[in-house]
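Residue numbers (this note's numbering), protein chains in the order written: chain A, 1 to 333; chain B, 1 to 333.
The hints are simulated quantities; they were obtained by calculation from the structure and are not laboratory data. Only true hints are included.
Covered stretches of chain A (chain B as the covering partner; in silico rule of three or more C-beta atoms under 8 Å from a C-beta of chain B):
1) 202 to 215
2) 248 to 254
DSS-like, lysine-lysine: derived pairs with alpha carbons at most 27 Å apart:
3) B:K218 with A:K218
4) B:K183 with A:K218
5) B:K333 with B:K154
Treat the numbers as computed from the prediction; the structure is a model and nothing was measured. A virtual CB, placed ideally from N, CA and C, is assigned to each residue, including glycine.
Number of protein chains: 2
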Amino acid sequence: MTVLARVASRYLLPLFLLMAIAPSAQGAEVLASWNEGEAKQSIVRFVESVSKEGSTDFVPVPERIAVFDNDGTLWSEQPLYFQLLFALDRVKAMAPQHPEWKDKEPFASLLKGDIKTALSGGEPAIVDIVMTTHSGMTTVEFDRIVREWITTAKHPKTGRLYTEMVYQPMLELLTYLRANGFKTFIVSGGGIDFMRPWTEKVYGIPPEQVVGSSGKTKFEMRDGTPVLMRLPEINFIDDKAGKPVGIHQHIGRRPIAAFGNSDGDLQMLQWTCAGPGPRFCLYVHHTDAEREWAYDRQSSIGRLDKGLDAAADSGWTVVDMKKDWNRVFAFQK
Amino acid sequence: MTVLARVASRYLLPLFLLMAIAPSAQGAEVLASWNEGEAKQSIVRFVESVSKEGSTDFVPVPERIAVFDNDGTLWSEQPLYFQLLFALDRVKAMAPQHPEWKDKEPFASLLKGDIKTALSGGEPAIVDIVMTTHSGMTTVEFDRIVREWITTAKHPKTGRLYTEMVYQPMLELLTYLRANGFKTFIVSGGGIDFMRPWTEKVYGIPPEQVVGSSGKTKFEMRDGTPVLMRLPEINFIDDKAGKPVGIHQHIGRRPIAAFGNSDGDLQMLQWTCAGPGPRFCLYVHHTDAEREWAYDRQSSIGRLDKGLDAAADSGWTVVDMKKDWNRVFAFQK
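Construct the entire structure; sequences and hints are all you get.
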């Protein structure tokens, strides 16, 4: 490095960093898929107020923590949580090694293609499927399995890769927040190790900024090589009242902005918006049966009932997908 | 922001960032408290090789993860782990509200100033003391208690604030690694919430990059306000085989460099250095009875026995504090 470059990086870099993050909300124009309206305005108003040096609502960069639910907030969750579709594909892939599944529910129905009967066992059946397909291998092996699936499997309705089923307006929002000094985290009920292999590429969120549900792992030596084995035991469920716990455990400070879409996110939004100083809480409301799906109070997946009432009571922003977004997915031009 | 500044930040910022992190190991001169020798050389050699674009050992910035133990690696741990000294101070502070402690061990002995008898109960006594003093309040209240203690309590031998008992050469190492694109994490057997209130100021490591042992917390509404209550229940012990588990849980990718000082760090070093590509593992060996403390294979605190053998077998760097550091603490000019 030349002396000039060294001087430049020492004196100019801080200056440019400052310009990049400080003066006022930069790049609201990146929110191109957001229609003008109260939802977009409330976002821009908040971001401008916390990032404007000298503003009474100014928040120092290290405290600009924003947390996002994943299923139904950053990508779709219909007709089933994508991770469950992954698990079902794994059951099929693993079936040749498990002849006993032919007579054992929920696997028997699954292998006949009868998902409805398989899942009729409710949560215990789902836990059984997830545990069976997500444990018994090392963390490195599971990572490889997820990477392979996520780059090849197709959504049953759109025929698209699952990573194409992410909401373009939310990608723009992540970019906008980061351009204004925010650190963005995922806080999802989904499996932490199911998300981490692809969130950096798709959302720009690195593995260390992903919080999620997890199974236990165990360190052991295998032929002299250390491995982490995935055990068929729940470690942590990052949903509902678990979300603030997961946030505290992983992030260690309270976010100033939270984004969700269901009752599973309610406590995360409550915890975030109960902190002192400026706070921002937002619900994505699925109102677009044509471009995506429409569901709320009665849905078994992504139910938004108590949350919708809490949003009204607390003055949180509610995004009407149909009205507020001019585009849902990037592939819908 | 002016047009010029906008253009400058768009086009020049990436350039300066690149210059700041990419070309070759920058700032080895910041390792001023390190004597010339194999330990310092091995660090610089590793950092140069992974950060030099085009080098066969080049590692992209997002994968430059470095993990540091805390007690005995970044700050001292004698005559007792500092967190235990904090807990003992808490027992004294809480005693007026607990008249029953006068007849109850280990509290009775502690309150008489007889630490040796109090701790003679071994781990159960220690767990009892820590649980009693670290739970029963909200996370916000505990944070405040730690902040107050860490800015006022003095070390029994040096009379210094505990945050002055950090190793100057290790602070320089943290700075050097970050200047070369590394993200630095703490991975400590100590309490995660005991460290987070001060690690950012002292080490430049933000709360979200601290991994440690923890108690369970519970989300609840208290007079309409959401709080996280600290429960008297162990959630996770981030020590020995727990360290790779904690790393996987919090960081989600394998570090390429690990720094420890005791057998409690052995699995973390094994896990780190067993990964593919360039890896760096280092043990701090306490050899300086004059400026700090000298202890290793026989010590009950910070025992370094198996780790010393593993380091020799595996070719890990071992820092001889007395020989390799020209200064231990900043207050020793």
